[in-house]
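Chemist: Residue-level listing of the chains:
Number of protein chains: 2
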Amino acid sequence: MKYSYLSHLECPKCSSIYSAEEVQQLCQCGSPLLAKYRLDEVKTNIKREDLQRREKSLWRYHELLPVHTIENVITLGEGYTPLVTVPKIGAKYGIDDLYIKDEGIIPTGSFKARGAAVGVSKAKELGVKTLAMPTNGNAGGAWSLYSAKAGIESFIVMPKEAPAITRVEVHISGSHLYLINGLISDAGKVVAHLVKEKGFYDVSTLKEPYRIEGKKTMGYEIAEQMDWKLPDVILYPTGGGVGIIGIYKALLELKELGWINEEKLPRLVAVQAEGCAPIVKAWEEGKMESEFWENSETNAFGINVPKAIGDFLVLQAIRETGGCAISVSEESIKNSQQEVASLEGNFICPEGAATFAAAKILRENNWIKPNETVVCLNTGQGIKYPESFEVESAVLEKGEAIIL
Amino acid sequence: MKYSYLSHLECPKCSSIYSAEEVQQLCQCGSPLLAKYRLDEVKTNIKREDLQRREKSLWRYHELLPVHTIENVITLGEGYTPLVTVPKIGAKYGIDDLYIKDEGIIPTGSFKARGAAVGVSKAKELGVKTLAMPTNGNAGGAWSLYSAKAGIESFIVMPKEAPAITRVEVHISGSHLYLINGLISDAGKVVAHLVKEKGFYDVSTLKEPYRIEGKKTMGYEIAEQMDWKLPDVILYPTGGGVGIIGIYKALLELKELGWINEEKLPRLVAVQAEGCAPIVKAWEEGKMESEFWENSETNAFGINVPKAIGDFLVLQAIRETGGCAISVSEESIKNSQQEVASLEGNFICPEGAATFAAAKILRENNWIKPNETVVCLNTGQGIKYPESFEVESAVLEKGEAIIL
Numbered sequence: 001m002k003y004s005y006l007s008h009l010e011c012p013k014c015s016s017i018y019s020a021e022e023v024q025q026l027c028q029c030g031s032p033l034l035a036k037y038r039l040d041e042v043k044t045n046i047k048r049e050d051l052q053r054r055e056k057s058l059w060r061y062h063e064l065l066p067v068h069t070i071e072n073v074i075t076l077g078e079g080y081t082p083l084v085t086v087p088k089i090g091a092k093y094g095i096d097d098l099y100i101k102d103e104g105i106i107p108t109g110s111f112k113a114r115g116a117a118v119g120v121s122k123a124k125e126l127g128v129k130t131l132a133m134p135t136n137g138n139a140g141g142a143w144s145l146y147s148a149k150a151g152i153e154s155f156i157v158m159p160k161e162a163p164a165i166t167r168v169e170v171h172i173s174g175s176h177l178y179l180i181n182g183l184i185s186d187a188g189k190v191v192a193h194l195v196k197e198k199g200f201y202d203v204s205t206l207k208e209p210y211r212i213e214g215k216k217t218m219g220y221e222i223a224e225q226m227d228w229k230l231p232d233v234i235l236y237p238t239g240g241g242v243g244i245i246g247i248y249k250a251l252l253e254l255k256e257l258g259w260i261n262e263e264k265l266p267r268l269v270a271v272q273a274e275g276c277a278p279i280v281k282a283w284e285e286g287k288m289e290s291e292f293w294e295n296s297e298t299n300a301f302g303i304n305v306p307k308a309i310g311d312f313l314v315l316q317a318i319r320e321t322g323g324c325a326i327s328v329s330e331e332s333i334k335n336s337q338q339e340v341a342s343l344e345g346n347f348i349c350p351e352g353a354a355t356f357a358a359a360k361i362l363r364e365n366n367w368i369k370p371n372e373t374v375v376c377l378n379t380g381q382g383i384k385y386p387e388s389f390e391v392e393s394a395v396l397e398k399g400e401a402i403i404l
Numbered sequence: 001m002k003y004s005y006l007s008h009l010e011c012p013k014c015s016s017i018y019s020a021e022e023v024q025q026l027c028q029c030g031s032p033l034l035a036k037y038r039l040d041e042v043k044t045n046i047k048r049e050d051l052q053r054r055e056k057s058l059w060r061y062h063e064l065l066p067v068h069t070i071e072n073v074i075t076l077g078e079g080y081t082p083l084v085t086v087p088k089i090g091a092k093y094g095i096d097d098l099y100i101k102d103e104g105i106i107p108t109g110s111f112k113a114r115g116a117a118v119g120v121s122k123a124k125e126l127g128v129k130t131l132a133m134p135t136n137g138n139a140g141g142a143w144s145l146y147s148a149k150a151g152i153e154s155f156i157v158m159p160k161e162a163p164a165i166t167r168v169e170v171h172i173s174g175s176h177l178y179l180i181n182g183l184i185s186d187a188g189k190v191v192a193h194l195v196k197e198k199g200f201y202d203v204s205t206l207k208e209p210y211r212i213e214g215k216k217t218m219g220y221e222i223a224e225q226m227d228w229k230l231p232d233v234i235l236y237p238t239g240g241g242v243g244i245i246g247i248y249k250a251l252l253e254l255k256e257l258g259w260i261n262e263e264k265l266p267r268l269v270a271v272q273a274e275g276c277a278p279i280v281k282a283w284e285e286g287k288m289e290s291e292f293w294e295n296s297e298t299n300a301f302g303i304n305v306p307k308a309i310g311d312f313l314v315l316q317a318i319r320e321t322g323g324c325a326i327s328v329s330e331e332s333i334k335n336s337q338q339e340v341a342s343l344e345g346n347f348i349c350p351e352g353a354a355t356f357a358a359a360k361i362l363r364e365n366n367w368i369k370p371n372e373t374v375v376c377l378n379t380g381q382g383i384k385y386p387e388s389f390e391v392e393s394a395v396l397e398k399g400e401a402i403i404l
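In the order they appear, the protein sequences are chains A and B. At position 9 of the first sequence the residue is numbered 9 (the UniProt record's numbering), and the sequence of numbers has no breaks. At position 290 of the second sequence the residue is numbered 290 (the UniProt record's numbering), and the sequence of numbers has no breaks.
Just chain A, same shape as in the assembly (with noise of 0.2 angstroms):
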């Protein structure tokens, strides 16, 4: 029995192959490369009801993951997120059946946990000594944490805009901070320079083949957490889209298995802000690719990238489960945090606001059926965005009493 099933990496867009067992980063064509398993020996070796006992972090999934041994498995006890019940939410909106998968419940706070997790391992695995990424905040503050822990030296790259504890979390960790005014794209850049410069492993999203591999885990999740009767409609707010192409990914591998029978994988909603709607644009055009979205701006900070290098895996995503894409305006993206809150106790974070706002418009028009199962990905904790809300109180002073 085999800790991992890898077997090679493959190009999604000229099918060239390539060998897992050394640092590669994109495909000579251009494009992000995907990690390939030996499906049919894990469908003869595990059974999906061997899951049950397993640890309650995405490693439970380790011969889908591209780790080989377990000595290499650099881990802050990350995954298995609740998928929750919102049902006041639900009632609101006119959806039976709506829940959360709440990816705030994770080391550092955030999804990019899961693929720091997994990137980090295999870079170790690999090894590399040194990575560089460029960053909205978020994976950059989980990457620099992953690498503390493997002995990785990393360097981060992000926007003076983006959430300013982020910064803490690079600082802490000891890696390397650099801030840029301007977006994630001129951070991109950046990265790209040094790496050329200094030979550094290049962890830009996509540009390394494994972040996605962690990211894939929520699928499998989803589908174990709802006892392999999968939901009709997953929303998830897209930037670079790695989560949404490693759902897919997911759902496919766990068909290929046997593990989910339904002909009908759920319909993949990708949700963008409307400051920065690339994916959306392409998608209502009938495109294969986004165009970069000049002047790109939002609240919902992990979803403002401008053009994702996987943009075209994304809306292949999407068409092929019959999914959609949908911009949301920052209004209701506000409102939507509040209404999760006030409603449900979830403190979520703008990125994932923005699908429970995509949600309750698609039920408005009728995408979403009154009866249908359907999943919101929230991607982080709301504690994230202190900026996010001015909260004004009064302040008494010792001895004064409250009069209502």
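Please keep in mind that the hints were generated in silico from the structure rather than gathered at the bench. Remember, predicted model here, so these are calculated numbers, not experimental data. Just so you know, even glycine gets a beta-carbon here, dropped at the ideal spot from N, CA and C. Treat the hints with care, since some could be wrong.
Claimed, not checked - Below are the SDA-like pairs computed for lysine to any residue, each with C-alpha atoms no more than 25 angstroms apart in a straight line: (1) A:Lys398 - B:Glu161; (2) A:Lys92 - B:Thr130; (3) A:Lys36 - A:Lys88; (4) A:Lys198 - B:Glu256; (5) B:Lys47 - A:Gln52; (6) B:Lys88 - A:Asn72; (7) B:Lys160 - A:Glu397; (8) B:Lys2 - B:Gly127; (9) A:Lys47 - B:Arg54; (10) B:Lys398 - A:Ser296; (11) B:Lys360 - B:Thr373; (12) B:Lys88 - A:His62; (13) A:Lys189 - B:Lys2; (14) B:Lys360 - B:Pro370; (15) A:Lys88 - B:Ile70; (16) A:Lys196 - A:Gln25; (17) B:Lys88 - A:His176; (18) B:Lys281 - B:Glu263; (19) B:Lys334 - A:Gly174; (20) B:Lys160 - A:Glu197; (21) A:Lys189 - B:Lys36; (22) B:Lys189 - B:Glu294; (23) B:Lys36 - B:Arg54; (24) B:Lys2 - B:Lys13; (25) A:Lys398 - B:Ser185; (26) A:Lys2 - A:Thr44; (27) B:Lys88 - A:Val73; (28) A:Lys287 - A:Cys324; (29) B:Lys56 - A:Gln52; (30) B:Lys189 - A:Ile402; (31) A:Lys281 - A:Glu291; (32) B:Lys47 - B:Glu256; (33) A:Lys198 - B:Glu392.
Stated by the list, open to error - Restraint-style ranges between C-beta atoms, simulated for each label pair: (34) B:Lys47 - A:Thr69: 32 to 38 angstroms; (35) B:Asp227 - A:Glu161: 43 to 49 angstroms; (36) A:Glu161 - B:Ser16: 18 to 24 angstroms; (37) B:Asn366 - A:Gly199: 26 to 32 angstroms.
Chain B: place on chain A using the hints.
Modeler: Just chain B now, with coordinates in the frame of chain A:
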């Protein structure tokens, strides 16, 4: 098979018995009340192996929790937090088997979620409409969010120096927030007055009997996650002390159930800050209760509690387990926080860092032996304290390169 085997409430001081089927606060003698279960029936009906397939939350122990019907359970998926080895810190301190129980990986990013989940669920079951509490911040955030989910109105009073993000948690949940120019003890007086005037449910630390039932599940989890073999030492950052009292209660219950068979329970260590160490002072003086600590001050804000109502129970727990109480300096707290993040990747809160600082000292003076198994309990996410670290960083302009 009952969902809960709750029997009644009992005073640990004067042994008075109270019904658990109606709202109770303190015993008439002034002591907190503790929940008692029909452990003989639990022993007959449930085996510890039955837990393995259960959900990854503290509700896996529902027979030993006070909520009678699952419909009253208010959950955001709290509990079953990671118990992870920290070998690099262990090597640095000279402790072979050092673990972190990471309570940051929980809704609201603080272990206060445990008490809130169980406390609010039971309040709902008892028909409570409005509750009030003083807090150092994190408990207020947790109780207001869980109350929001339960549809219970809440009044939260916290020092204006409490972590700012906790105000946002209270605000966004729709709770009533009051700041006070003073300490939690001053906030407590405000709440006591409000409760007396309005008849609200007082959920101050240990003034209602069920918060501790949520907190005790940390003890169950440490035992279960270690395959029912207990560690030698558990270090706990002690403010109100509910967690350490709860862990001790849990261990005694497990012993009675026969789920743990070691004669020797872990030595429980109450860790405080030098600027607020009433329990340590009482411990060193061999007293049964602590005295009010004047002009208390510490950056580990959650343990700035000058006089805990359950102090005698904390002292009892450490005395009966052969534990101790120890205070640590602000500098050592900050150092440990940095050390744990940069070596192990856990961005822990100052309160949690205090337990590492204490473990270091206790190993140095050989109170902890090198081959002992030690658990440091981190009570929350470092990200809730953005003000803890000032981060200086170069700001690049677009097109500018990193020069190494």
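Chemist: Find the hints from earlier in the document that the structure breaks and name them by number, from lowest to highest.
Modeler: Hint check: 3, 4, 13, 18, 20, 21, 24, 36, 37 fail, others pass.
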